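2 protein chains.
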Amino acid sequence: MEIAILGYGVVGSGAYEILTKNGYNVKKVLDIRPHNELGDALTANYDDILNDKEIKIVAEAIGGLEPAHTFVVKALKAGKHVVSSNKHLICEYYDELNSLAKENGVTLRFTSSVGGGIPWLVSLNRTSACDEITKIMGIMNGTTNFILDAMITNGRDFDEVLKEAQALGYAEANPSADIDGLDVARKTAISSTIAFKTTISEAEVSIHSLRNITKGDIDYINKKFNKTVRYMGFGIKNDDGTASAFVEPVLLSKGALEANVNKNFNMISLFGNSVGRLSFYGQGAGKYPTGHALASDVIDIYNGCRESKLYGKSLAIDNSKVERQYYVRTVSSLPNDIVKACEVKDSTNYIVTNKITVSAMHSLAKSILESDPHAFFAGIEE
Amino acid sequence: MEIAILGYGVVGSGAYEILTKNGYNVKKVLDIRPHNELGDALTANYDDILNDKEIKIVAEAIGGLEPAHTFVVKALKAGKHVVSSNKHLICEYYDELNSLAKENGVTLRFTSSVGGGIPWLVSLNRTSACDEITKIMGIMNGTTNFILDAMITNGRDFDEVLKEAQALGYAEANPSADIDGLDVARKTAISSTIAFKTTISEAEVSIHSLRNITKGDIDYINKKFNKTVRYMGFGIKNDDGTASAFVEPVLLSKGALEANVNKNFNMISLFGNSVGRLSFYGQGAGKYPTGHALASDVIDIYNGCRESKLYGKSLAIDNSKVERQYYVRTVSSLPNDIVKACEVKDSTNYIVTNKITVSAMHSLAKSILESDPHAFFAGIEE
Chain A
1 MEIAILGYGV VGSGAYEILT KNGYNVKKVL DIRPHNELGD ALTANYDDIL
51 NDKEIKIVAE AIGGLEPAHT FVVKALKAGK HVVSSNKHLI CEYYDELNSL
101 AKENGVTLRF TSSVGGGIPW LVSLNRTSAC DEITKIMGIM NGTTNFILDA
151 MITNGRDFDE VLKEAQALGY AEANPSADID GLDVARKTAI SSTIAFKTTI
201 SEAEVSIHSL RNITKGDIDY INKKFNKTVR YMGFGIKNDD GTASAFVEPV
251 LLSKGALEAN VNKNFNMISL FGNSVGRLSF YGQGAGKYPT GHALASDVID
301 IYNGCRESKL YGKSLAIDNS KVERQYYVRT VSSLPNDIVK ACEVKDSTNY
351 IVTNKITVSA MHSLAKSILE SDPHAFFAGI EE
Chain B
1 MEIAILGYGV VGSGAYEILT KNGYNVKKVL DIRPHNELGD ALTANYDDIL
51 NDKEIKIVAE AIGGLEPAHT FVVKALKAGK HVVSSNKHLI CEYYDELNSL
101 AKENGVTLRF TSSVGGGIPW LVSLNRTSAC DEITKIMGIM NGTTNFILDA
151 MITNGRDFDE VLKEAQALGY AEANPSADID GLDVARKTAI SSTIAFKTTI
201 SEAEVSIHSL RNITKGDIDY INKKFNKTVR YMGFGIKNDD GTASAFVEPV
251 LLSKGALEAN VNKNFNMISL FGNSVGRLSF YGQGAGKYPT GHALASDVID
301 IYNGCRESKL YGKSLAIDNS KVERQYYVRT VSSLPNDIVK ACEVKDSTNY
351 IVTNKITVSA MHSLAKSILE SDPHAFFAGI EE
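Note that the protein sequences, when read in sequence, are chains A and B. By the count of my numbering, the first sequence reaches residue 382 at its end, each step adding exactly one. By the count of my numbering, the second sequence reaches residue 382 at its end, each step adding exactly one.
If we strip away everything but chain A, and leave its shape as in the complex, we get:
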């Protein structure tokens, strides 16, 4: 059962090193750049992999939608097992790719697409086999956690820390997917899909950006509430047969586990009716952690794991079924009936709202941001 890796970037090269070091032969690596250390294993022509009958497992580490999607579809149709670290691909084509895996009697695994090196999806999948999962939540993005930790620990401001994160390679030149929440939304969608056994798309996850947080917010949250801030995704199975899915900054007690997740680490949790709360902590990104997770999926298939889960759409998304209080900092005003307490300093309102639905708050936030583009919103975890 030979292995091929698509893409010899950060994750692909990490997985290559880990697999070969542990005695697994990687027959082919697809990359268009030269890599002398790969010798004859390197090819720039995908047909060399697709037409090689000995290659039974294809590990996709290209990232993005194309050509990853075309390559993965072809591999599945050719009866090859596929593992992928590509959250964008998995989130966008969850049903199609899992259907193709089923039809062709092969396995699709994507543990490394959420939580990097953390065995999160594999544990979530295993737990949900004999438990009802009612909630998932977590710090799923290392870049934003690095930024928040540095702001909180060193009293620095957002833009300054973001620049440092970019210099260190923790943040992209265009950081929007991280700091505006799309990355977390995709990971929340994939995790909620597996937890609740219903396909949930990226577009169904409602997002507050982290972008507007200031060191003033962090000071205020610390002094006024004795709390701290993290940027988290939430998936919740509601009592009425709907689910909620959203991403937002949250205020946490300082003794909460997530409040003590520092640097670029991740922590993701599930809540099961039988098992209670389970939390998983580790490196959510990086060459060796994510490479390890991709390699582990390959080894699972090597060892006989043959599962692909296809759920279809059984739960509607309804973010009006979850209520919480919010912290809002804005120079605009909020409707009186949702304001529980408001302190005005230097013409800025520091507001704690009454309990309000997630959908109402996210929608209100959009209109507030039109008049006050620097306003900041964070849910308050109980």
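Please note that the accuracy of each hint is not assured.
Note that identical chains are pooled: a pair holds if it fits in a single copy or bridges any two copies.
Below, in silico cross-link-like pairs of lysine to aspartate or glutamate (DMTMM-like), each with a Cα-Cα straight-line distance of 25 Å or less [what the hints assert, rightly or not]:
no., residue 1, residue 2
1, Lys53, Asp159
2, Lys27, Glu172
3, Lys197, Asp159
4, Lys56, Asp159
5, Lys21, Asp240
6, Lys27, Glu132
7, Lys254, Asp217
If you are wondering where the hints come from, they were derived from the structure by calculation, not from laboratory data. As the structure is a prediction and not an experimental result, all values here were calculated from the model.
Let chain A serve as the given structure and place chain B on it in line with the hints.
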């Protein structure tokens, strides 16, 4: 592929409920007490299970060494897969039972024997398939964590909280296995065996008891060091081809993840060369969490998982290869050359040692306890 459960106590009945609720038929349950709800499934005669060719998976939840050991050996020899929640059995007979599983082409799984509902051993096993694990550590005993949390949070003393834990069913009438460290030692031995791929026995794990901790210690540790205390097991792979394994109270920074593990929860961590630190948090005991873990092992086998790991003895245990500083509270005195700082209050010495090996400290502790039976020792985590 029919299932039988041995023992219908807390864990066995939890697993029974979870399996049947999730569509798995449990054909037989072995128990000597009457349980009307089980109908014809109940038997008091193990031969009814052993001789039933349809029963392919036996889930052992009796606890203790006998008759569990005899039953499990017979099941494996009869070609039945076995899952067990019994840490005492697994720790004592690791090699024998895994050998029998190999010889008979069946699988032995015991995820629920360490960490209750936490998918710890299954994740450790999966991670170690393509990474070198250099260290495991954790809060593995809910009773002692409950006691410490209550002492720290409410300023109460050990004996008082222990009595409450016993009343709540969190601690046994004879609490020694929990508070003197044997329970954690067994879990450390099993975890280290899998992490380092070498059989490590319970007797090789060196133990400091938690029993002598007082609210005075907790106050002192808080005020003097700004730290808190947890009771933890450690397995460490040393550079020289030995391993260390020990259990002791430890002083932790208040921002450490373990310092924020409260009530009777557990947190266990691994450190891998590729994957870095991974931590796993959840309920370490209880009917449904542990029943869930036992049921999950059954389902893994049902789904085709066929692995038993037998390592033999490849690493010697040597606790002189790990050095750390210790906090010691004693009315006796310590050798001058190991004392870094000493404060005397009311004829009691509050000592911080220089770095000293674990073996030297554990051995010194034994002699100190002969003259001062109330002395308390705790390692200081860096």
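Quiz item: When no copy is named, should Lys21 and Asp240 be tagged within, between, both, or neither for a Cα gap of at most 25 Å?
Solution: Between copies, since 21 Å is at most 25 Å while 50 Å is not.
Self-check item: Intra- versus inter-subunit Cα pairing at 25 Å for Lys53 with Asp159
Solution: For Lys53 and Asp159, neither the intra-copy (51 Å) nor the inter-copy (68 Å) Cα distance is at most 25 Å.
Quiz prompt | Within, between, both or neither, where Lys27 and Glu172 count as close if Cα-Cα is 25 Å or less | solution = Answer is neither; intra-copy 32 Å and inter-copy 56 Å both fail.
Exercise. Go through the copies and call it for Lys27 and Glu132: within, between, both or neither, with a Cα cutoff of 25 Å.
Key: between (41 Å within a copy, 23 Å between copies)
Quiz item: Between copies, within a copy, both or neither: which fits Lys254 and Asp217 at Cα up to 25 Å?
Solution: both (16 Å within a copy, 24 Å between copies)
Practice problem: Tell me, please, which holds for Lys197 and Asp159 at an alpha-carbon limit of 25 Å: within, between, both or neither? | Solution: Classified as neither: same-chain Cα gap 39 Å, cross-chain 47 Å, threshold 25 Å.
Quiz prompt | Intra- versus inter-subunit Cα pairing at 25 Å for Lys56 with Asp159 | solution = Result: close neither inside a copy nor across copies, 46 Å intra and 61 Å inter.
In summary, the numbered hints that this structure violates are 1, 2, 3 and 4.
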